[in-house]
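Two chains, two separate frames, one set of hints: put the complex together.
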Amino acid sequence: MGDQAVYALNDINLQIASGEYVSIMGPSGSGKSTLLNIIGLLDKPDSGRYELDGKLVTDLSETEQAKIRREQIGFVFQSFHLVPRLTAAENIELPLLLGGVSPEQRQIRVNNALNAFELKQRANHRPAELSGGQRQRVAIARATIMQPSVILADEPTGNLDHQIGAEVMSLLENLHHQGTTLIVVTHDRELGGRAHRQIGMRDGKILTDQFHDTH
Amino acid sequence: MTLTDTLHTSFKTVVSYRIRSLLIILAMALGVGAVVVLTALGDGARNYIINQFSSIGTNLLVVLPGRAETSGSFLGAVLGQTPRDLTLKDAQLLGRLPQVRRYAPLNVGAAELSAANRLREVTVLGSTADLIPIRHMQLALGNFLAHGGEHTAQIVLGAKIAQEFFPRSQAIGQRVRLGDSRFLVSGVLSSQGETMGFNTDEIVIIPIDYAQAMFNTTSLFRILIEAKSHSDIEPAKQAILASLRQSHDGEDDTTVITQDAILETFDRILQTLTLAVAGIAAISLIVAGILVMNVMLVAVTQRTAEIGLLKAIGATSGDIRRLFLAEALWLSLVGAVLGFLLGQLGSLLVRIAYPQLPAWAPVWASIAAIAVALFTGMLASMLPASKAARLDAVVALSKK
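Line order of the protein sequences matches chains A and B. Take the first sequence: its letters are residues 525 to 739, numbered as in the numbering used here. Take the second sequence: its letters are residues 779 to 1178, numbered as in the numbering used here.
With the rest of the complex left out, here is chain B (with noise of 0.2 Å):
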């Protein structure tokens, strides 16, 4: 029996057992499409906290004050020393090492902005001109302590800050009072919504100098610096370490944190996640696998007589372990191939769903599922093929 025919007849018999072979095929379809939506979903995940990830900066290191292992030779610690804070000369020293493009120190703090008799509390950024192209911010309007203007009292208000404030009015140019000062609203950042838990509409930047007044402090928050390249930022690191080991006296007192290195974690971890994610769907593609073993050795039961025959007719032993396999293969693929359409159209209603979240499932995912159901379907009617090339001609014939 030729190859051709042997698919030709067992699809025409998957066809005849139309019931049967629809459950087959949607428990295969389920297992195969189960597997592409969740691996969908955590692939989209992965995506979307790199994506979130990313656009906080390019090539970006913080550096903050203290050590972040628990562990190691801070011998300050053990004296009963804090660790010595960042400071703006610490910050201009960093910006002036060859592997920095641009530097922001930055302060955080709380305080009242009035203006047009309303009044609210706001998250207050202290920095320089450079923070906003650092942190990727855009200014919708205006400018940010644009030549020459650092020691100016100059503010920039957040989106919907802006909005509250001057709902019809243009906010530019208005005078605003942050805390006990007075600043000019110089311009309006555009909106961006949450990034990273951190709405940057509702925040207002003044310059480090009235930041660090205000606050009544010559420490900084941080210090974030953008690297030249992408091949910069480890050289970046080991020299702002260096820099600030010297300045500090020798000790190892602050921690440089690259981008990149959160970045390579979160992949990991969303990984592993999507990985074990899909593990579980492939479960249900081992369960599919049995259904179909057990569709398989119910088949050559119910055609008994009907090997028998094909057996007194002529085919080998071979020729009837081929049909049986054939067949599971037709059930096996048409329902991975049905699966992996289910699940595409079920990331795609993800998509819709859920607009920011890129859920395409992963090529590896959807192979894998389709080459894992193909697998089992053939690995489980191994049994029941065997079974039926087995059967005595005589004995089968002789079963109604």
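Chain A on its own, in the form it takes in the complex (with noise of 0.2 Å):
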């Protein structure tokens, strides 16, 4: 790389209005999941502001950071990221948990979750156990449990087949629908395409951003 600097985001400036459903596109290295992360409270700008709600996050303690994640952003993952040696409903409580909600009130938001994706019959199952679109509801349950306002989904339907992630996609949007804020990281140009707003990328830079009415 010699003494070149090398940017995985560069003179980024983006607006995402509360509800929106935005779909962030480009190939591989192009900068989407960094631009993700930073917007999930994951990683941090060398330089630059991100607001959320109003409210200038980036120079927010480690700790403030954490609640903000905890509780109002939602993440879902490519590779669904559950723990392997806790059953369904115990993955699904673990942000309850975290936020220090009391074991009443965990059961009943839980088995609520457990019945709202259809995982009622799963819930004592390992992720071992699950298929791969149950594994994903699973996830997005646990996104959702704390009811957040931006759900951000990287490449959710990666590792599911079409039928399955067509499915996940549609529980993702029904979330959007209700209001929630969906922030969708995909190279997939049709499941790109569904999102309202579609936002390219490539070398770091936003290259085109358009709006669609898909309805």
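Careful: at least some of the hints might be erroneous.
Here are the computed lysine to any residue pairs in the SDA-like style, where the Cα-Cα straight-line distance is at most 20 Å [what the hints assert, rightly or not]:
| hint | chain 1 | residue 1 | chain 2 | residue 2 |
| --- | --- | --- | --- | --- |
| 1 | B | 1165 | A | 587 |
| 2 | B | 1177 | A | 552 |
| 3 | A | 591 | B | 779 |
| 4 | B | 1177 | A | 609 |
| 5 | B | 790 | A | 625 |
| 6 | A | 568 | B | 1168 |
| 7 | B | 790 | A | 608 |
| 8 | B | 1177 | B | 1080 |
| 9 | B | 1015 | B | 862 |
| 10 | A | 568 | B | 1176 |
| 11 | A | 729 | A | 560 |
| 12 | B | 1015 | B | 1000 |
| 13 | B | 867 | B | 929 |
| 14 | A | 591 | B | 781 |
| 15 | B | 1177 | A | 679 |
| 16 | A | 568 | B | 1170 |
| 17 | B | 790 | A | 609 |
| 18 | A | 568 | A | 537 |
| 19 | B | 790 | A | 611 |
| 20 | A | 591 | B | 1172 |
| 21 | B | 790 | B | 780 |
| 22 | A | 591 | B | 780 |
| 23 | B | 790 | A | 631 |
| 24 | A | 568 | A | 728 |
| 25 | B | 790 | A | 614 |
| 26 | B | 1177 | A | 610 |
| 27 | B | 1006 | B | 876 |
| 28 | A | 644 | A | 632 |
| 29 | A | 591 | B | 1095 |
Heads up, incomplete: computed chain B residues facing chain A, CB under 10 Å, no partners named [said to hold, decoys possible]:
| hint | residue |
| --- | --- |
| 30 | 783 |
| 31 | 790 |
| 32 | 1090 |
| 33 | 1096 |
| 34 | 1171 |
To be clear, the hints were calculated from the coordinates, so they are not data collected in a lab. The beta carbon of each residue, even a glycine, is placed where N, CA and C say it ideally should be.
Listed below in structure tokens is the structure:
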């Protein structure tokens, strides 16, 4: 690389309104995941400002950022990232556990989530005993259990076959219909095309930013 | 994350890695168990010896001729004199001291005992009636030099001697020959076994006059003295030394040993021994601590993706650190408690195998062993826990 600085992201200026459905597309290495990580407060930009809900969050302490991740942001990953030794119900419960919610409350909310995502029958199964679609439904249930205002999905259907992937997408889009901001990162054009706003990225820069009315 | 939830979550983690957890717990348990058993042995030995030594008398002082010090101002040694002997007169003088409850002069020798067509060599003690209570001996039958019998040819037989010579008949009233003199058996000692390497079952006791005549001596081997109370021991020692100095023309040529001083010395030596043994056993606890560190480091590496996920869904660095510390705490705690039980079981087996040995682990040792186990466990998991807490979420999430 020599002394040439490499920028994962460069000169990004992006504003996403509350309740939007945005897809971020681009080839691998285009910086789309890094952008998602910055939006999700997992990564810090070397310079620049990031405001969430009108509040500057880049300068917050690590603990305060963790609180925002816990309460306002829900992550959905390509590889699900379920804890293998915990059951489906326990995986869904994790954010509540971290948030210090009382056990009685936790049980009620986990039960509701299990019902909502049709996982009641699989509640006591470990991830290894679940199908890919079920795993991603557990992950989505976990991402939404704290009722976040933003859902960040990084290639949510990347490890699923077409039909199951479509089911998972409609689950996420349902959340969007209920008012949650949905940001999906993908390199799948068809998937990205479902979003109302499509952002194209290359070499750490935003190339295109288009609005579509899909309905 | 609340403390209860942290402890509960990490406990479930410990349970789910069954084999790994069992091995660590076993290592901890063996360390703690070793400390408990070894201190039980050490303290048991200490108590055994103290008991043995206590059983030879109460508030006992022993006067012996000569000085125990190798340096000092005993002029007699320079002039080629041997220390003055202790005599019966000395003993009687000491008996009149206010701090002295009773005294017994003592001569020891060996002679042939014959009776009922049997013959054997025995250890002969020459003393007075007070020897029996001072030395905590007990007569199974008869009496010894009771009421004005000081100058009659009586003999008391040790339990085993009586059994050997008179297996089927009453020993009391029998006539025996000891050396060249005839004695009348007036009593038989009850069996006491060996104390401090001296077996009272194989001795005979005769009046001091007869012993001195038999061994052709006027000097005494020892004078045994029982002080009136525990607080009288030290004053009695000073009074005895002063009294003997006076009657020995100002020479300090006797030594007084108190049972207390010897007990204290034994106590100190064996306490140190117990501590040393406990220290050696504690090394295994440190080894167990290093094992905990190793296992927790492996756990952090294995669960990197999981740590990343926990951070993504809102765990703070503190949450992660506490989860790993709690996991190590459970491993150490369960190991320590199990080790304590194991140690108690081991001590019980020792007590069953050697009933004479009171092998009870001292409370301080058990508490210290558990505390050291918890401390090393926690200390050893500091590094892995903060390594986990410092992990970068993005990097951790990308690990498979």
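Okay, the hints, checked on the actual structure:
1. B:1165 x A:587: holds (17 Å)
2. B:1177 x A:552: holds (17 Å)
3. A:591 x B:779: holds (11 Å)
4. B:1177 x A:609: holds (17 Å)
5. B:790 x A:625: holds (18 Å)
6. A:568 x B:1168: OK: residue 568 of chain A and residue 1168 of chain B at ~15 Å, within 20 Å.
7. B:790 x A:608: Measuring from Cα to Cα gives roughly 13 Å; hence the hint holds.
8. B:1177 x B:1080: holds (10 Å)
9. B:1015 x B:862: Roughly 19 Å between the alpha carbons, so the hint for residue 1015 of chain B and residue 862 of chain B holds.
10. A:568 x B:1176: Roughly 16 Å between the alpha carbons, so the hint for residue 568 of chain A and residue 1176 of chain B holds.
11. A:729 x A:560: Cα-Cα ~13 Å, so holds.
12. B:1015 x B:1000: holds (15 Å)
13. B:867 x B:929: holds (16 Å)
14. A:591 x B:781: holds (17 Å)
15. B:1177 x A:679: holds (16 Å)
16. A:568 x B:1170: At roughly 11 Å apart (the allowed maximum being 20 Å), residue 1170 of chain B and residue 568 of chain A satisfy the hint.
17. B:790 x A:609: holds (9 Å)
18. A:568 x A:537: holds (15 Å)
19. B:790 x A:611: holds (12 Å)
20. A:591 x B:1172: OK: residue 591 of chain A and residue 1172 of chain B at ~17 Å, within 20 Å.
21. B:790 x B:780: Roughly 15 Å separates the two Cα atoms, so the pair holds.
22. A:591 x B:780: Holds, because 14 Å separates the two Cα atoms, which is no more than 20 Å.
23. B:790 x A:631: holds (17 Å)
24. A:568 x A:728: OK: residue 568 of chain A and residue 728 of chain A at ~15 Å, within 20 Å.
25. B:790 x A:614: Within the cut-off at roughly 11 Å; holds.
26. B:1177 x A:610: holds (19 Å)
27. B:1006 x B:876: holds (8 Å)
28. A:644 x A:632: holds (13 Å)
29. A:591 x B:1095: holds (11 Å)
30. 783: holds (5 Å)
31. 790: Holds - the Cβ of residue 790 of chain B comes within 10 Å of chain A, reaching about 8 Å at its closest.
32. 1090: holds (5 Å)
33. 1096: holds (7 Å)
34. 1171: At 5 Å from the nearest chain A Cβ, residue 1171 of chain B passes the 10 Å test, so the hint holds.
In this structure, every one of the numbered hints holds.
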